[in-house]
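Protein sequence lines correspond, in order, to chains L and F. The working numbering numbers the first residue of the first sequence as 1 and each following residue consecutively. The working numbering numbers the first residue of the second sequence as 1 and each following residue consecutively.
By construction, these hints were calculated from the structure, which means they are not laboratory data. Certain hints may be false.
Here are the computed lysine-lysine pairs in the BS3-like style, where the Cα-Cα straight-line distance is at most 25 Å [said to hold, decoys possible]:
(1) Lys80(L) with Lys189(F)
(2) Lys271(F) with Lys239(F)
(3) Lys259(L) with Lys192(L)
(4) Lys189(F) with Lys150(F)
(5) Lys234(L) with Lys269(L)
(6) Lys80(L) with Lys150(F)
(7) Lys120(F) with Lys85(F)
(8) Lys239(F) with Lys156(L)
(9) Lys234(F) with Lys259(F)
(10) Lys156(L) with Lys150(F)
(11) Lys150(L) with Lys271(L)
(12) Lys189(L) with Lys150(L)
(13) Lys80(L) with Lys120(F)
(14) Lys271(F) with Lys80(L)
(15) Lys347(F) with Lys348(L)
(16) Lys120(L) with Lys239(F)
(17) Lys85(F) with Lys239(F)
(18) Lys163(L) with Lys80(L)
(19) Lys163(L) with Lys239(F)
(20) Lys347(L) with Lys347(F)
(21) Lys163(F) with Lys163(L)
(22) Lys127(F) with Lys120(L)
(23) Lys127(F) with Lys156(F)
Some chain F residues well away from chain L (every beta-carbon gap over 10 Å; in silico) [said to hold, decoys possible]:
(24) Glu94
(25) Thr96
(26) Gly97
(27) Leu113
(28) His115
(29) Asp121
(30) Ser142
(31) Gly144
(32) Gly155
(33) Ala159
(34) Glu166
(35) Arg195
(36) Ile312
(37) Leu352
(38) Thr354
Since the model is a prediction, treat every value here as computed from it, not as a measurement. Every residue gets a Cβ at the ideal spot worked out from N, C-alpha and C, and that includes glycine.
There are 2 protein chains.
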Amino acid sequence: MLIKHGINSGFGAIYMLASSPVLRRQQFLIRCLGDYSDQNTNTHQKRMQGIKFTSGASLEADAENVLRAITPTLDPNRHKGQAGKIAVIGGCREYTGAPYFAAISALKIGADLSHVFCTKDAAAVIKSYSPELIVHPVLEESYGVRDDEKRIISGKVLAEVAKWMERFDCLVIGPGLGRDPFLLDCVSKIIKLARQSNVPIVIDGDGLFLVTNSLDLISGYPLAVLTPNVNEYKRLVQKVLSCEVNDEEAHEQLLSLAKRIGGVTMLRKGKSDFISDVKSVSIYGSPRRCGGQGDILSGSVAVFLSWARHAIRDGDSSISSKNPAMLGSIAGSALMRKAASLAFDNKKRSTLTTDIIEYLGRSLEDICPVR
Amino acid sequence: MLIKHGINSGFGAIYMLASSPVLRRQQFLIRCLGDYSDQNTNTHQKRMQGIKFTSGASLEADAENVLRAITPTLDPNRHKGQAGKIAVIGGCREYTGAPYFAAISALKIGADLSHVFCTKDAAAVIKSYSPELIVHPVLEESYGVRDDEKRIISGKVLAEVAKWMERFDCLVIGPGLGRDPFLLDCVSKIIKLARQSNVPIVIDGDGLFLVTNSLDLISGYPLAVLTPNVNEYKRLVQKVLSCEVNDEEAHEQLLSLAKRIGGVTMLRKGKSDFISDVKSVSIYGSPRRCGGQGDILSGSVAVFLSWARHAIRDGDSSISSKNPAMLGSIAGSALMRKAASLAFDNKKRSTLTTDIIEYLGRSLEDICPVR
Numbered sequence: 001m002l003i004k005h006g007i008n009s010g011f012g013a014i015y016m017l018a019s020s021p022v023l024r025r026q027q028f029l030i031r032c033l034g035d036y037s038d039q040n041t042n043t044h045q046k047r048m049q050g051i052k053f054t055s056g057a058s059l060e061a062d063a064e065n066v067l068r069a070i071t072p073t074l075d076p077n078r079h080k081g082q083a084g085k086i087a088v089i090g091g092c093r094e095y096t097g098a099p100y101f102a103a104i105s106a107l108k109i110g111a112d113l114s115h116v117f118c119t120k121d122a123a124a125v126i127k128s129y130s131p132e133l134i135v136h137p138v139l140e141e142s143y144g145v146r147d148d149e150k151r152i153i154s155g156k157v158l159a160e161v162a163k164w165m166e167r168f169d170c171l172v173i174g175p176g177l178g179r180d181p182f183l184l185d186c187v188s189k190i191i192k193l194a195r196q197s198n199v200p201i202v203i204d205g206d207g208l209f210l211v212t213n214s215l216d217l218i219s220g221y222p223l224a225v226l227t228p229n230v231n232e233y234k235r236l237v238q239k240v241l242s243c244e245v246n247d248e249e250a251h252e253q254l255l256s257l258a259k260r261i262g263g264v265t266m267l268r269k270g271k272s273d274f275i276s277d278v279k280s281v282s283i284y285g286s287p288r289r290c291g292g293q294g295d296i297l298s299g300s301v302a303v304f305l306s307w308a309r310h311a312i313r314d315g316d317s318s319i320s321s322k323n324p325a326m327l328g329s330i331a332g333s334a335l336m337r338k339a340a341s342l343a344f345d346n347k348k349r350s351t352l353t354t355d356i357i358e359y360l361g362r363s364l365e366d367i368c369p370v371r
Numbered sequence: 001m002l003i004k005h006g007i008n009s010g011f012g013a014i015y016m017l018a019s020s021p022v023l024r025r026q027q028f029l030i031r032c033l034g035d036y037s038d039q040n041t042n043t044h045q046k047r048m049q050g051i052k053f054t055s056g057a058s059l060e061a062d063a064e065n066v067l068r069a070i071t072p073t074l075d076p077n078r079h080k081g082q083a084g085k086i087a088v089i090g091g092c093r094e095y096t097g098a099p100y101f102a103a104i105s106a107l108k109i110g111a112d113l114s115h116v117f118c119t120k121d122a123a124a125v126i127k128s129y130s131p132e133l134i135v136h137p138v139l140e141e142s143y144g145v146r147d148d149e150k151r152i153i154s155g156k157v158l159a160e161v162a163k164w165m166e167r168f169d170c171l172v173i174g175p176g177l178g179r180d181p182f183l184l185d186c187v188s189k190i191i192k193l194a195r196q197s198n199v200p201i202v203i204d205g206d207g208l209f210l211v212t213n214s215l216d217l218i219s220g221y222p223l224a225v226l227t228p229n230v231n232e233y234k235r236l237v238q239k240v241l242s243c244e245v246n247d248e249e250a251h252e253q254l255l256s257l258a259k260r261i262g263g264v265t266m267l268r269k270g271k272s273d274f275i276s277d278v279k280s281v282s283i284y285g286s287p288r289r290c291g292g293q294g295d296i297l298s299g300s301v302a303v304f305l306s307w308a309r310h311a312i313r314d315g316d317s318s319i320s321s322k323n324p325a326m327l328g329s330i331a332g333s334a335l336m337r338k339a340a341s342l343a344f345d346n347k348k349r350s351t352l353t354t355d356i357i358e359y360l361g362r363s364l365e366d367i368c369p370v371r
């Protein structure tokens, strides 16, 4: 059940002290027993004791312990919103499934509120998928806007998003966004606004198309995570490094890419997920490649990034020096892969994204029980 | 399984005679046996015998007994509508989930008919969530109405609602209403109409935003229940009492607030639900704070308030001197908390509002079996 990562230096590196796989497994089991045997003590504090962060080289990390470290305990004294408020920017005339998958995944993991900002055409459809989402029909595509109106409409779109921005713990930008130039221009302004407000952003899908052509939008922003698939990664490498993808030196190239873009966290999706600063999240997973799995991942990373940030703000000493974007990427990748694996065990070739989403809750509960 | 309330004087206070928890529990079990051992007698009358209402101080009430007292027996001689006709006023371009949750919850508890009055944009979406609801696309937001049309449109909206008003047993005003000034102006008129018709109203969400700024709308109306969450309560306290929330004297402040507004019942949601006249409904519940739970509560209170009113009208001597708004609030809070608890046991962190709604029926059946 261990998810292993080779480690490089960077924002922070996660290491386990034990070097033998058998010993590590034993220690892991002991930690699990220690964490949950006493139901009446502060389980979160106990979870933290299980994670050994130290400096060193070529050791391994335990993604499950990262999940335990950043997932908040459920406290009845808390009120709506305190477990996370996520917003997805995406959904247009053509695409409605992707933003739904990202937004509902955030709720299924444990966020309290999940919003979608999309075009009018997309809104009614996304709303109809689930009454749990708050869907704002505010984006506009070129076909509905005259040239002489563009400045005013763009201002209105930005104002609609701006009035909510401070409330969000993380944005997911890109699922089902499409490539309409006017819409992407508005989204560029939304990204700038998020940066000004210090709101973390996860960029996927057509959001990656946008930032690949406008790297300044995210360059130097440590609260940005980019989650490219094979094709999106290829375009990024070509654009930023002016070369082709080199799978023999995959991790080095990923680090170069993150460095050249400037301070962002890269999560390259594939057979194993490669994360800058952490070599890979490689176990669990499913051989099924149905569309939409990347959207689950983006929503998951958004929740865990938010939770990691809160845990660090709360003064959690074991992760205080860590980059929340990196912790969120590890946790999101591990949970998504575990849920995909469980769904595939059950549904085999007919596994769809909706099936995987239904396993997010159980997957997190297996790793990090609420009590 | 007992839900306990400390009691203050007010419209009416519910007391159990027994003071020892063990003795109370025994009496409760004896009552249960007494209620349901003879299946062929009038079970409703027998249920009522179990509840001891008397005056006194610092005693406790049993919310489950309130539920039993006001829930009508299912009599095959009754016809459609007699178990309750609820209407939700809410649903706009931005919000569609909230009115759906309130309206479907009313049906799942046992109301016969559940209506929603919303904007045209929201209507098709809310209809698509469920064929069980009757959805009227009659409300209008400012963006669709010219200034010179407002008086006529406002009159039409009111006429559309007015022709149904006498048929409703309770209105829920606010879930997903939004804050459009023209729409809120129309809703103010709907509230006035409900008062004229003596139709009870439960006010939540943006309905609370409206009445906080126009207290006259509900002041002095004993058939109004206000169900504020932490932020809505804060705004009410600031506006009405010109001070901040004082959690050390929470119940006294709640009573002051209800008194200053004038004769309404307050249900302050939180870790425990505080109800004016009754100290708190504090057991059951879930630590999950996903958006939408308040909408279930508002729909639940609406049904139980209606049922309590009918039970009192039918001459039920054990509750004849009680305030139906208070009884409905106790019952709605207790049932919602029980359903949330059962859903959380099953779904843990991934519990969504839809999951809780699915447990409303079982929760009521556990407390108050149909035979």
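Quiz item: Is the Cα-Cα distance between Lys234(F) and Lys259(F) 25 Å or less?
Solution: 16 Å, holds
Quiz item: Does the alpha-carbon distance linking Lys80(L) and Lys189(F) stay inside the 25 Å limit?
Solution: Violated, at about 31 Å.
Exercise. Take the C-alpha atoms of Lys189(L) and Lys150(L), compute the straight-line distance between them, and say whether it is at most 25 Å.
Key: Holds - the C-alpha atoms of Lys150(L) and Lys189(L) are around 13 Å apart, at most 25 Å.
Quiz item: Does Lys150(F) lie within 25 Å of Lys156(L) when you go C-alpha to C-alpha?
Solution: 24 Å, holds
Quiz item: Has the given pair, Lys127(F) with Lys120(L), been kept, meaning a C-alpha gap of at most 25 Å?
Solution: 18 Å, holds
Self-check item: Check on Ala159(F) being off the interface with chain L, judged by Cβ distance over 10 Å
Solution: 27 Å, holds
Quiz item: If you draw a straight line from the CA of Lys80(L) to the CA of Lys120(F), is it 25 Å or shorter?
Solution: This hinted pair is violated, its Cα atoms lying about 29 Å apart.
Quiz item: Is the Cα-Cα distance between Lys120(F) and Lys85(F) 25 Å or less?
Solution: Since the Cα atoms of Lys120(F) and Lys85(F) sit roughly 22 Å apart, the hinted pair holds (cutoff 25 Å).
Quiz item: Non-interface claim for Gly97(F): all C-beta distances to chain L beyond 10 Å?
Solution: 3 Å, violated
Quiz item: Taken at face value, is the distance from the CA of Lys269(L) to the CA of Lys234(L) at most 25 Å?
Solution: 12 Å, holds
Quiz prompt | Given as non-interface: Gly155(F), which should sit over 10 Å from chain L by C-beta | solution = 28 Å, holds
Quiz item: Should the label of Arg195(F) as a non-interface residue stand, given a Cβ cut-off of 10 Å to chain L?
Solution: At about 30 Å from chain L, Arg195(F) clears the 10 Å cut-off, so the statement holds.
When the structure is compared with the earlier hints, violations turn up for hints 1, 6, 8, 11, 13, 16, 17, 21, 24, 25, 26, 29, 37, 38 and for no others.
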